[in-house]
Each structure stands twice: as structure tokens, then as C-alpha cells.
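Visitor: If you read the sequences in order, they're chains H and C. Here this note's numbering is used: the first residue of the first sequence is 142, the next is one more, and so on. Here this note's numbering is used: the first residue of the second sequence is 142, the next is one more, and so on.
Warning: the hint list may mix true and false statements.
Derived CB-CB ranges, DEER-like [as the list claims (entries may be wrong)]:
id : chain 1 : residue 1 : chain 2 : residue 2 : range
1  : H       : A273      : C       : K260      : 49 to 57 Å
2  : H       : Q317      : C       : G188      : 19 to 27 Å
3  : H       : G263      : C       : G312      : 44 to 52 Å
4  : C       : A323      : H       : A316      : 45 to 53 Å
5  : H       : T178      : C       : R168      : 15 to 23 Å
Taking lysine-lysine and the BS3-like style, the derived pairs with C-alpha atoms no more than 25 Å apart in a straight line are [to be verified]:
id : chain 1 : residue 1 : chain 2 : residue 2
6  : C       : K177      : C       : K192
7  : C       : K260      : H       : K260
8  : C       : K330      : H       : K267
9  : H       : K260      : C       : K177
If you're looking for bench data, these hints aren't it; they were derived computationally from the structure. Keep in mind that this is a model prediction, so the values were computed, not measured. All C-beta atoms, glycine included, are put in the ideal place defined by N, C-alpha and C.
One-letter residues, chain by chain:
Protein chains: 2
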Amino acid sequence: MLQLYFSPMACSLASRIALMEAGVDARYHQVHLSTKTVVDADSDFRGISSKGAVPVLVLENGERLTECAAVLQYIADLNPERGLAPRPGDADRYRLQEWLSFIGAEIHKAFLFPTFWYKDDGSLAKPRARIAQTLSVPSAHLADREFLIGHSFTVADAYLTWALLLLRTAGVDIAQWPSLSAFSERMQKRPAVREAIATEMALRKMVATA
Amino acid sequence: MLQLYFSPMACSLASRIALMEAGVDARYHQVHLSTKTVVDADSDFRGISSKGAVPVLVLENGERLTECAAVLQYIADLNPERGLAPRPGDADRYRLQEWLSFIGAEIHKAFLFPTFWYKDDGSLAKPRARIAQTLSVPSAHLADREFLIGHSFTVADAYLTWALLLLRTAGVDIAQWPSLSAFSERMQKRPAVREAIATEMALRKMVATA
Numbered sequence: 142m143l144q145l146y147f148s149p150m151a152c153s154l155a156s157r158i159a160l161m162e163a164g165v166d167a168r169y170h171q172v173h174l175s176t177k178t179v180v181d182a183d184s185d186f187r188g189i190s191s192k193g194a195v196p197v198l199v200l201e202n203g204e205r206l207t208e209c210a211a212v213l214q215y216i217a218d219l220n221p222e223r224g225l226a227p228r229p230g231d232a233d234r235y236r237l238q239e240w241l242s243f244i245g246a247e248i249h250k251a252f253l254f255p256t257f258w259y260k261d262d263g264s265l266a267k268p269r270a271r272i273a274q275t276l277s278v279p280s281a282h283l284a285d286r287e288f289l290i291g292h293s294f295t296v297a298d299a300y301l302t303w304a305l306l307l308l309r310t311a312g313v314d315i316a317q318w319p320s321l322s323a324f325s326e327r328m329q330k331r332p333a334v335r336e337a338i339a340t341e342m343a344l345r346k347m348v349a350t351a
Numbered sequence: 142m143l144q145l146y147f148s149p150m151a152c153s154l155a156s157r158i159a160l161m162e163a164g165v166d167a168r169y170h171q172v173h174l175s176t177k178t179v180v181d182a183d184s185d186f187r188g189i190s191s192k193g194a195v196p197v198l199v200l201e202n203g204e205r206l207t208e209c210a211a212v213l214q215y216i217a218d219l220n221p222e223r224g225l226a227p228r229p230g231d232a233d234r235y236r237l238q239e240w241l242s243f244i245g246a247e248i249h250k251a252f253l254f255p256t257f258w259y260k261d262d263g264s265l266a267k268p269r270a271r272i273a274q275t276l277s278v279p280s281a282h283l284a285d286r287e288f289l290i291g292h293s294f295t296v297a298d299a300y301l302t303w304a305l306l307l308l309r310t311a312g313v314d315i316a317q318w319p320s321l322s323a324f325s326e327r328m329q330k331r332p333a334v335r336e337a338i339a340t341e342m343a344l345r346k347m348v349a350t351a
């Protein structure tokens, strides 16, 4: 069985959504990111991945795959009939890769990462000044589209759904971009998305009160 | 014919290297990134891509593809016999996506981008403090490997080659990581890599003295 190392409401949430949308069972291991500890084993997470970051997907052969863009495409390809990614070789597959890269680099790594890990205003001023221009890109794209790519849900939608949730936590009011807030509401009506978020929110509350 | 919008020594250099390694002809349009101008047409680059970032690859059907990870995979798949990417569906294809994501998010967007675009020390202290941990990942991986994936050159090597060149310009002495500086030297012995870099260095000097 696949195993996913995750932290509640970290970007590994997108991988959990993808697994649930794909109908693929997995064992989930919670990681405490600040102490780099695997919660259930009380062991050093750096022994699982030297990067010390989630998601880590342990494949059936024991190999470990990291980075959202790779993990999400791997999960999507496990069950192609669910259509979570355009088939490899389709023109739209490059659009999927384009969106995974944009969300990962521009929203996640250029804005959300500094916001949650760097606490001083000096580090945060520039990323904050830039986020509106960044969000104008998916906002314009989704003005007349239900999903990022084609006419059905893909793992890029899972990744953006996570990013929009965290933007709220980071103090960005996405109501400024009606197409983004409508997208977020639409995605959260999907049973797998709703259940994945509820599971991780409950785990996060447990961490917060521990 | 394909068209590539690039800026000398920006990350679009990796796309130029990929096109040359693939033996694919393209028309190259230089972009001035601070003014968002297409140099040969003296026109607004935002008319080509609202993101205002390079690379932009204009496909044969006129569509425009952005983001290094997507553009590099597209170019690699144009000429599969050159082996610039593991075939779609191969297990190693996910390793390629993992490296493209890591280089794009962790080296490029989390370090090089702030270094070249944010000028104040407040914005730069945290990225600077983090880069050694980031570089320890490819450094360890390349300690006993000639290439990032498998036993031949892929577009991930092209992307890392660019990143290592820019790290020097950003004041990071990669001699601290012997496997990275050996990799960089090895890659620059490849005729396509050497020619791509020489072309863009010459264009950059023209910009600097203009």
C-alpha cells in the first residue's frame, strides 16, 4: 500500500485530495514540521526524506517521491480513468505541468512559504506586494472556466484548492477575486475535497491543543 | 517554427539549451524584463504573456506555453530519441518532474528570484540563510552520479546548469559543494550548453553596454 507523509493543512493536503479523488487507499503518517518528527513513530522525519518537507509518497517498491508536482502526477496516473490528469503525451498534459509549476513556485514558494516560515516584516513586504499580480493570473483564467484544465477536475485543481485555503489563513482576502472564491466554494462541494479538508482540520486542532 | 521569448541568462537559458540539445530550430525573441519590452518588435511583452516572465514558448499552433517545467518537458518530448526526458509513463519521468520542481521552487523561486529582484537586506536574509541546506540536496545526489536522472543528459540537467551559473552571479561560491562545481564544469563541456551560454553572455554584454 502507498504511504503518504503529510502535515495537517500543509501542501500535502493536495496529495490527500488526489488520492481520495483517485479512489486509491494509502497509509497516512503525520509529520510535525517544526521538529521534523514522524508523529506515529516518534522518529526523525529526515530519515524518510533529507529535504524534511512534505509530501513524501512511499511507492509500492519502497522508493520515495517528493515535490507536489511529481507526487500529484504520479497519483493521477495510478487511475487514469478518473481523469485527474490529461494522459501523458496529450497537449493538455503540458498545461497541467504549467499550472502545477505556477502554483508551486509563484503562490506556494514565493508567497505562502515566506508568510508561514519567516516572521519579520522585512522578509514579508516584497512577497506581500507581489501576491495580487500573481493571483490575477488564475483569476483571469477561471473567469469563464469551471476547472484549470479542460472540463473536469485535475490534480492542478486540488493544488489550487489548497493554496486558496492557505491564502485565507495568510491574511489574503480572496473575495477580491470573485472567480477564485467561486472556484474555492465549488471545489469544496466535492465530497473527496470536503472530507480531506475536514480530516486535516481536525488533526490540526488536535496539534494546536496538544 | 517554434518561437522562444527569452532574456539573456534568465531561466529561459535552460530552454535554449534544451532546444539545441534536441536539435530543434526556433526563432528567438529577446525580452527586456524590467521594462517588459520585446526588443526586436519594441512591443509590450505583456501582450505575449500576462505573466510578464520568460520563458514563453510559442508552439506551432500559435498557443503559448510558460513555466520552465512545462516548456522543458515539451521540448524534450519533441525529439524523444535524444533522451532529454524519460518517456512519459516511465518511473523516471516522475524523478524528472521532482527535480524540475525542486530546482524551480527551492533554488530559483526561493533564492535566485529574491536575490535578483529584491534589493534590501531585510528581504534577502532568510533566503540567504536557507540556500546551503537547499544545495545540500543536489550536492549529495550528484556525489556519485554524472547526471540528475539515469545515465544521460536530461532537461533537468539543463535547468540545474543554469541555476548553478546564476548562483555564482548571486554571490554563492559553489566550490563549497565539489560535486556541484564538478557537475557545472562537466555540463559546460557539452557543445550545445557551451554555445547556448556564449550566445546569451554576448547578448547580455550588449544590454549592459547599451
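Visitor: Could you run down the list of hints and mark each one as holding or not?
Guide: Here's how the hints hold up against the structure:
no.	hint	result
1	H/A273 <-> C/K260: 49 to 57 Å	21 Å, violated
2	H/Q317 <-> C/G188: 19 to 27 Å	25 Å, holds
3	H/G263 <-> C/G312: 44 to 52 Å	19 Å, violated
4	C/A323 <-> H/A316: 45 to 53 Å	52 Å, holds
5	H/T178 <-> C/R168: 15 to 23 Å	53 Å, violated
6	C/K177 <-> C/K192	10 Å, holds
7	C/K260 <-> H/K260	19 Å, holds
8	C/K330 <-> H/K267	38 Å, violated
9	H/K260 <-> C/K177	32 Å, violated
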